[in-house]
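Novice: Residue numbers (the working numbering), protein chains in the order written: chain R, 910 to 1227; chain S, 910 to 1227.
Errors might be hidden in some of the hints.
Because identical chains share one entry, a pair is satisfied inside a single copy or across any pair of copies.
Simulated pairs of lysine to aspartate or glutamate, EDC-like, Cα-Cα distance not exceeding 20 Å [what the hints assert, rightly or not]:
(1) Lys-1140 with Glu-1035
(2) Lys-1000 with Asp-1125
(3) Lys-1202 with Glu-1087
(4) Lys-1000 with Glu-1035
(5) Lys-999 with Asp-1073
(6) Lys-999 with Asp-965
(7) Lys-1202 with Asp-1096
(8) Lys-1000 with Glu-1087
Just so you know, the hints here were simulated from the structure itself, not pulled from any lab data. Keep in mind the model is a prediction, meaning the values are calculated, not measured.
2 protein chains.
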Amino acid sequence: MLFFVTGCAGFIGSNVTDRLLAAGHEVVGFDNLSTGLPLFLEGASRSGHFTFIEGDALHAATLTRAMAGAEFVFHLAANADVRFGTHHPKKDLEQNTIATVNVLEAMRLNRVRRIAYASTGSVYGEAQVFPTPENAPFPVQTSLYAASKISAEAFIEAYCEGFDLQAYIFRFVSILGERYTHGHVFDFYKQLQVHPDYLHVLGNGKQRKSYLYVQDCIDAMLLAIARAPQKINIFNLGTDEYCEVDDSIGWICEHLGVKPERRYQGGERGWIGDNPFIFLDCSAIRSLGWQPKLTIREAVIRTVNYLQHAPAALEART
Amino acid sequence: MLFFVTGCAGFIGSNVTDRLLAAGHEVVGFDNLSTGLPLFLEGASRSGHFTFIEGDALHAATLTRAMAGAEFVFHLAANADVRFGTHHPKKDLEQNTIATVNVLEAMRLNRVRRIAYASTGSVYGEAQVFPTPENAPFPVQTSLYAASKISAEAFIEAYCEGFDLQAYIFRFVSILGERYTHGHVFDFYKQLQVHPDYLHVLGNGKQRKSYLYVQDCIDAMLLAIARAPQKINIFNLGTDEYCEVDDSIGWICEHLGVKPERRYQGGERGWIGDNPFIFLDCSAIRSLGWQPKLTIREAVIRTVNYLQHAPAALEART
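Chain R on its own, in the form it takes in the complex (with noise of 0.2 Å):
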C-alpha cells in the first residue's frame, strides 16, 4: 500500500515512517524541515520504497501534487509546541487547522479516502473524568495548542460525513522515546548537562501526566488501522498509569546518578492552560488487543538513554 506521511521527518512521523517500510510499503514522506530533521529519514531513504518530498502543508497545490497516487494519509504534521502558544497566537490555528484542511481538501481532489491523524488528549481541557474517556462530557479548551487540534477533528468529522472519507483519530498522551525532540524529559536532560547540582522545574512537580512509549503509539494506530471499521473511529492513546512530574525528575536523575536541588516555579499548573491532570481511558483501543509493551518508568529511561546516546546533527541542533 503506498503511504503518505506529513511530517515525515519528525519525531513520531519518522517512526511510522519506518515501520511502514518495515512492513513492505511504500512511503510517500512529506516535511517542511522546520522542526523535523533530515537525520531521522537516513534508514528510510536507504529502503528503495521511499520518497521524500519538502513542502509545507499551507501550501495547498504542493501537498496535492505530492499526494498524487496515495491510499492511506497519516497526518502527523503539526506544531507540537503547546506551551508557547500564546507567544505566536496564529501559529496553531496555520499549522494545526488550516493545514489538516488542506490535506482533506488533498484527499478529496486525489480521492484518497482513509486518514490517521494525531490529535491529543489536551483536547479535553481541564477534565472532570478521570480516566478521560473519548465520549468524556463536552470539554472546555484552554490552550491554542487543543483548540487547533479538536478544530482539525471537527473537520477531518465533517469530510467523513460529506465526502465519504474514513478517519482514525488518536488523542495522544505526551509520546517518549528514540527521536524525541522537545517536553519535559528532552528539558530537563538538557539543564543537567549544564547543570546537575540543580533544575528548574515548571509548576510545583505535582502535575500528573500520561506517557506512551513511540513504539507501543504506532502499534496501537496499526492496530486500529487494520481493525477498527467505522467511518469514524476515535481512540485515546497512553498507558493505564500516570505519574507526577516529581516521579519522573527521579527516574532522570537515578539513570543520570545526579541529585539536583530541585527549583520549583510553584503553581499547579506548568504554564498558562496546561492542564494539570492528563490520564486517558484507553479500554477503546486496549479492546482491539493492544496493550503498551513499557510503563512510564521505562520509556521515560529509554528516553534518557537515547538522549545520551544522541546523534551529533540533534546534539548540534539542541
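Go by the hints and put chain S onto chain R.
Specialist: The following block gives chain S in isolation, referenced to the frame of chain R:
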C-alpha cells in the same frame, strides 16, 4: 458602552444592533455586505449613535482598525449556510473559524476583553441525549458548518485562558423572526408564492427541529451578558419544545390559506450532515430568569407574516 457588532447588516446582527441602540449604547457595526442588507440598517443609521464600517473579517488590518475603542464585541458575522457546505469546502473554515480568530486577535491588539459569540446547537452533531445539555458527551461533527463553529468556540475558549478574555458562547437553535432571510420557512414561503399547489420537502418531513424567535434570542443574550459572571459562559438558546417539519408546513399553509401537495425527497435527513433531531436543554439560561415569549408556532407565523410584508429590496434579492 461601545459595542462592536460583526455581521451588523445580517438577520440577527441588525436586530442586535437595533436593540443595543434602543438601550442607549453606541454601536460600531462591521459587515462585508456579502449577505447582509443595508436596508436592515436604516433605522440604526438614523439613531446618531451608530457607525457603519464596510469590511471583511478576513482582512485582519481593517478589522483591527475598525474595532478601536470598543468595549464589547458581538461576533455575529458568519457563513450561516449549513446545507451547502460541501459545495465550497473551505468557506466555513474561512468565514467562521479564521474570521473568528481574526476577531480574537483584533480584540487582543485593541485590549477589548468581552465577546459574545453566535454558535449553534449543531455542534452537538447527532446528539445522544435529549434535550441536549451544554455538557453533552464529546460530539462528533457531521457538517463543515458545525465543524467551523466548534472550532471558533475552541479558539475563543483558548483566548479566554491565554489572554484573559471573557466570553459568552451561545448555541442557537434555528432563529426565526423579522429580517429572516434563509432557512426552511423562507424556502417554503418562496416555493408557495410560485406554486401554491405543491411543495418540495427535503427529507421525509419527520425531522424534529427547534426554533426560537429572534427577539427572545436577543433577550437571552443581553441577560446573560448582564448576569453570567464566569470567564467562559456557554448557553444553549432555544424553546422547551420542538416540532416536526410537517408541523411547520401545516402552520405555514394554514396561515397562507393554501393546501399544497407535499412532495417529499425522502430519507430521515434533509441533506448530507443534517441532524434529524435538534432539541436543546435550555435550563442554564432559564436559571438566569429568561423565558421565551413566543412558541415555535407563533415564531413561524410571525416569520411568514414578515415575509408577506417584506420590503421590496428583500423581495428583489431573493
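Novice: Among the hints numbered above, which are violated by the structure, and what are their numbers in rising order?
Specialist: Violated: hints 2, 4, 7 and 8.
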